[in-house]
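Colleague: Letter by letter, the chains look like this.
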Amino acid sequence: MVAKDDKVFKALADASRRDLLDRLRKKNGQTLGELCERHDMSRQAVTKHLVLLEEANLVVTAKRGREKLHYLNPVPINEIYMRWIGKFERKQVQALHNLKQVLQEKDHD
Amino acid sequence: MTNARPDFVYTTYIKTTPEKLWGAITNPEFSRQYWGGHENVSDWKKGSDWKHADSKKGGDVRIIGKVLESNPPKRLVLTWADPSDTADESRVTFEIDNAGDMVRLNVIHGSFKPGSIMADKVVLGWPLVLSSLKSFLETGKAIDVMGVKAALNQSCDGEAAA
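If you read the protein sequences in the order shown, they are chains A and B.
Each residue of the first sequence is one higher than the one before, counting from 1 in the working numbering.
Each residue of the second sequence is one higher than the one before, counting from 110 in the working numbering.
Please note: incorrect hints may appear among the correct ones.
As the list claims (entries may be wrong) - Straight line, CA to CA, 20 Å or less: simulated EDC-like cross-link-like pairs of lysine to aspartate or glutamate:
no.: 1; chain 1: B; residue 1: K165; chain 2: B; residue 2: E138
no.: 2; chain 1: A; residue 1: K7; chain 2: B; residue 2: D210
no.: 3; chain 1: B; residue 1: K124; chain 2: A; residue 2: E55
Rather than coming from a laboratory, the hints here were simulated on the basis of the structure.
Remember, predicted model here, so these are calculated numbers, not experimental data.
Put together the whole structure using the sequences plus the hints.
Modeller: Written out as structure tokens, the structure is:
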């Protein structure tokens, strides 16, 4: 179990991999080719990152015909959230998050 | 349709057996314990109706559909729609496989109709329900799914997954 958590944190401890997760969140179910577009990394580097994300169960793949599609799997992140944010803190944490969002939006104006 | 891209694929690994996991999804007594009081009800035969109802609110029906495929304890395919908007129908597939000493559960929610609002409703709910299901099967303790949803929904419209 410890090893599994380690994989999640290691996978998240890299800006390129977080960027890949961000891009899947915006558009789920992308092929390797799509994920390589508009990305400064080589195809090999993206593949390597995707393998680590898959091993951490943060990305899951599904075959559709000849294509292999990549999906963001948020379940391990949800488990991290459940582990450290107590039942009674969630509302407060969410309220702070909302406040931060609102304030940051104002800054942009 | 078979080549349509599923919009969400969720995977979790659970220390249990495929039979127990199948029961946790299909048995109302089980499902209500980790799904915030909501239960899945059907005879789970191909072609039958199924419903997802809130046992705490007098059986208020939240989701309805048909059983498209039923192959216990491996694979269950359902249609999924809000009873007040049945035109906005999507499809949920549960895949259960052995993975070493764990069981892998894939939940694929897809085939959303153009303009569907269901995807937005379920995006927060599935990871919560699956974490709760895992915790329930492994430790006997579920997560207060509805409590967490209520907290998260302060920033979101929609009542989230069923």
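Colleague: All hints are to be evaluated individually against the structure, with a verdict given for each.
Modeller: Tested hints:
1. B:K165 / B:E138: holds (12 Å)
2. A:K7 / B:D210: Distance ~18 Å between A:K7 and B:D210 Cα, so the pair holds.
3. B:K124 / A:E55: Roughly 18 Å between the alpha carbons, so the hint for B:K124 and A:E55 holds.
Comparing the model with each numbered hint stated earlier shows that all of them hold.
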